[in-house]
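Participant: Below are the chains, spelled out letter by letter.
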Amino acid sequence: MTRIVFVVFALATGGATYAGLYGIGGEDAQIAKSIRSGSGGRVGYIGGVK
Amino acid sequence: MGFDGMNCPNCGADLPETLTRAKMVACRYCESAVVLEDDALRTAGEKGVMAEEPSLFVLGREIRYRRESWLPVGQARFSYGTGWWDEFWAVDGGGEGVWISVDEGEIAVERPYEIDVTLSPWQLKRGENVSLNGETFTVTEADTATCMALRGEFPEALHVGQAYRYWHLSGPMGRLVTLEFSEGEFAASEGVWVDPYLIRSENAGA
Amino acid sequence: MTDGFSPAPSRLAAINCTACGSPLPALAGHRARAMVCSYCGAVMDRHDAYRLLTRYRDMQRPEGPFQIGMTGEILGVEQVIVGIVGVTASIEHEDYHWTNYQLYSPTHGYSWMTWFDGHITHSRKTRDMPETGGNFAYKAPLAAAGRQFQMYEQYVARISYLEGELTWVPALGDRTQVIEAIDPPHGYSVVIGENETEFEFGTYLDRRETLAAFGVADEFPRARTVHAIQPFLPGSFHTALSGAGKLFAPVALVLGLTFLVIGTGKKITETVIVDTDAGGSLVFPLTRADRLAELRLTANVVNAWSWYDMELIHEESEETVAEFDKGLEYYEGYDSDGRWTEGSQTATFRFKPPAAGAYRLTITTGDPKSARLPVRVEVRENVMLSRYLFGLSIFFILCWLSLWFRQSRFEARRWGDDGEDDD
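Protein chains in written order, with the numbering used here: chain A, 1 to 50; chain B, 1 to 206; chain C, 1 to 423.
Derived by calculation from the structure, the hints in this document are not laboratory data. Check before you lean on any hint, since a few could be wrong.
Unchecked claim - Anything over 10 Å on all C-beta distances counts as not near chain C; from chain B, calculated:
#1 Gly-12
#2 Leu-56
#3 Thr-82
#4 Gly-97
#5 Glu-114
#6 Thr-118
#7 Pro-121
#8 His-168
#9 Met-173
Claimed, not checked - Okay, the calculated beta carbon distance ranges per label pair:
#10 A:Arg-3 x B:Thr-82: 57 to 63 Å
#11 C:Gly-391 x A:Arg-3: 23 to 29 Å
#12 A:Arg-3 x B:Arg-200: 18 to 24 Å
#13 C:Asn-195 x B:Ser-131: 18 to 24 Å
#14 B:Glu-114 x C:Glu-92: 50 to 56 Å
#15 B:Ser-69 x C:Thr-197: 28 to 34 Å
#16 C:Thr-362 x A:Arg-3: 51 to 57 Å
#17 C:Arg-339 x A:Met-1: 52 to 58 Å
#18 B:Val-117 x C:Asp-95: 17 to 23 Å
To be verified - Keeping only pairs whose Cα atoms sit at most 20 Å apart, straight-line, the calculated EDC-like set for lysine to aspartate or glutamate is:
#19 A:Lys-33 x C:Glu-198
#20 C:Lys-125 x C:Glu-194
#21 A:Lys-33 x C:Glu-311
#22 C:Lys-125 x B:Glu-185
#23 C:Lys-125 x B:Asp-116
#24 A:Lys-33 x C:Glu-319
#25 C:Lys-125 x C:Asp-95
#26 A:Lys-33 x C:Asp-325
#27 A:Lys-33 x C:Asp-290
#28 B:Lys-125 x C:Asp-325
#29 C:Lys-125 x B:Asp-195
#30 C:Lys-125 x C:Glu-73
#31 C:Lys-369 x C:Asp-275
#32 A:Lys-33 x C:Glu-194
#33 C:Lys-125 x C:Glu-219
All C-beta atoms in this analysis are idealised placements derived from N, C-alpha and C, irrespective of residue type, glycine included.
Produce the entire structure from the sequences given, and follow the hints as far as they go.
Facilitator: Next comes the structure, spelled out in structure tokens:
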């Protein structure tokens, strides 16, 4: 049990380090979505303007 | 063997070397109890037949209890009222002898106790209070025990078949004093209770 | 028998009840005083030829997994169950019932095994008296038997059932006052009877092991309560979770701090676009497509908002990579609590460029109602995000502390501090 939990935690630490370096959705959501859609089109408004 | 040549006066068998510090020994080979008296050996009757019962104490096997250790070298069995108990004569870590009484898990290590008053057997009745060394004790048991069997060695002569009058006195804080009366004299010992669950012995599981 | 010893004589195996004639197993040693008939409730004096002393008819045997005659090992000692005593106690206006089994071992004497709400405990008489006396207040310390106990509770126990061989001559309804102190997995009880006060040393037993030792299948309901002397024994998963959390929390935290310090990346360019009404643009190279780039807008908006529409174009292909927008708003003022502010004068965008190369960012003030203010644009690349590692370290710290939380809850249940009823 200890070994399994340690392996999972080590993988999670590795994953968080990778995500911190290369991003996995840590980018701006609007831009990321826009890039992913490939259209360059507007994907909507995100923000908290009064 | 650094044996000094003591032999059983009854059957001629070698007697243990440790007899030099004991006063009595039960011969392992014949039915005799042997007493060392004025450096002379004499037989003191039969040693009796002792039924083998499970015991935490086995002659020749050291047991440890908290910070103490005892090596039982003699076992005397006494019958009383409804059953029997064993008295083990044991040598502690410092070479001093102690009596250990064992009765169905009730174990007490007894050391000599000086009594400062003159007692007489008739005043010691169950439920009576007795003052010893400024403390009040209550007589909880008054009975006669008969020696049934002996084996090993002892600091005093014991005789199979002999009856001993004894009293258990309980005092403050669980103090236990045992009085014995024989040949017109009282002998007293103070017992300290031993928790059998804390005894460590090679034979503990037996 | 050369040394004068003979094998143990076969013990008396059974006697017939002197009242009803039923055969009753005789298992205890000579110090057991009473025999209570399992069939007719006759109480007999074992020390007086099983003389009939009294008789309790229609006693209901309390629930419990054990029976007279069962043998098993407890605390390394082979024991035989010789008697059963049912006990009822009223604690804080609630009745509790438990079953005491009188145990006998030829070497260790008489002791008790107790079944209470699915818990099994062992207790034996001790001659170790309390070293500190008098204070029986709740949770007060009590030193005895070489341990530090804590006062737990006091109650009056009443005998509600009797069966088999027992070390004293009991009477149905007999009451004893019990003072209990605990040091899990041990307990220390002061049992005050009519004529004497006794002291008992208790040990919590593993239920599964104990039932197995006596050859009893565990078909009994699970314990609903935490027993007074039950030790806190977390499972291997929770122990592992806590251990791993303790080890990995600092690792994730240090990595997160490292990312925070060195992860600001490399500044590519910084420009101020003055006339955002007309729209402006800046061109910047991004060298790595696999790493994160960052755009930061800063405008001196005060008590206003400013809206920016942006377009990111890959220069070489002239393709629009992304279109996005953002409003900056910032308000400040004074009220009865002093100065207040709301919103922010900056906005940060992080993104992963689809390819390396030159990019152009165009910015215009979109909304007609928006303030028209110059905006500073800063572009960085190779930035690192610490948020994942910080998030993970919070999770790891929670895992680490989870054992402590569990133990606190367990202790609260032990002491009845959890605000829940036992049922």
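Participant: Between Lys-33 (chain A) and Glu-194 (chain C), does the CA-CA distance stay at or below 20 Å?
Facilitator: Violated: Lys-33 (chain A) and Glu-194 (chain C) sit about 83 Å apart, past 20 Å.
Participant: Check whether the Cα positions of Lys-33 (chain A) and Asp-290 (chain C) lie no farther apart than 20 Å.
Facilitator: 17 Å, holds
Participant: Is 51 to 57 Å a correct range for the gap between the Cβ atoms of Thr-362 (chain C) and Arg-3 (chain A)?
Facilitator: With Cβ atoms ~54 Å apart, the hint holds.
Participant: Between Arg-339 (chain C) and Met-1 (chain A), does the beta-carbon spacing fit 52 to 58 Å?
Facilitator: With a Cβ separation near 54 Å, Arg-339 (chain C) and Met-1 (chain A) satisfy 52 to 58 Å, so the hint holds.
Participant: Do Arg-3 (chain A) and Thr-82 (chain B) keep their Cβ atoms within the hinted range of 57 to 63 Å?
Facilitator: Between Arg-3 (chain A) and Thr-82 (chain B), where Cβ atoms are some 60 Å apart, the hint holds.
Participant: Run the distance test for Lys-33 (chain A) versus Glu-198 (chain C): straight-line Cα separation, threshold 20 Å.
Facilitator: Since the Cα atoms of Lys-33 (chain A) and Glu-198 (chain C) sit roughly 78 Å apart, the hinted pair is violated (cutoff 20 Å).
Participant: Taking 10 Å as the cut and beta carbons as the points, is Pro-121 (chain B) off the interface with chain C?
Facilitator: 23 Å, holds
Participant: Decide if the proposed pair is consistent with the structure: Lys-33 (chain A) and Asp-325 (chain C), CA atoms, cutoff 20 Å inclusive.
Facilitator: Within the cut-off at roughly 13 Å; holds.
Participant: Between the alpha carbons of Lys-369 (chain C) and Asp-275 (chain C), is the straight-line distance 20 Å or under?
Facilitator: Between Lys-369 (chain C) and Asp-275 (chain C) the Cα gap is close to 16 Å, so the pair holds against 20 Å.
Participant: For Glu-114 (chain B) and Glu-92 (chain C), compare the CB-CB distance with the range 50 to 56 Å and indicate the outcome.
Facilitator: 51 Å, holds
Participant: If I take the minimum Cβ distance from His-168 (chain B) to any residue of chain C, is it greater than 10 Å?
Facilitator: His-168 (chain B) is indeed farther than 10 Å from all Cβ atoms of chain C, at 13 Å.
Participant: According to the definition I'm using, a residue is off the interface if its beta carbon is farther than 10 Å from all beta carbons of the partner; does Gly-12 (chain B) meet that for chain C?
Facilitator: 15 Å, holds
In this structure, the hints that do not hold are numbers 2, 3, 9, 12, 18, 19, 22, 23, 25, 28, 32 and 33, in rising order.
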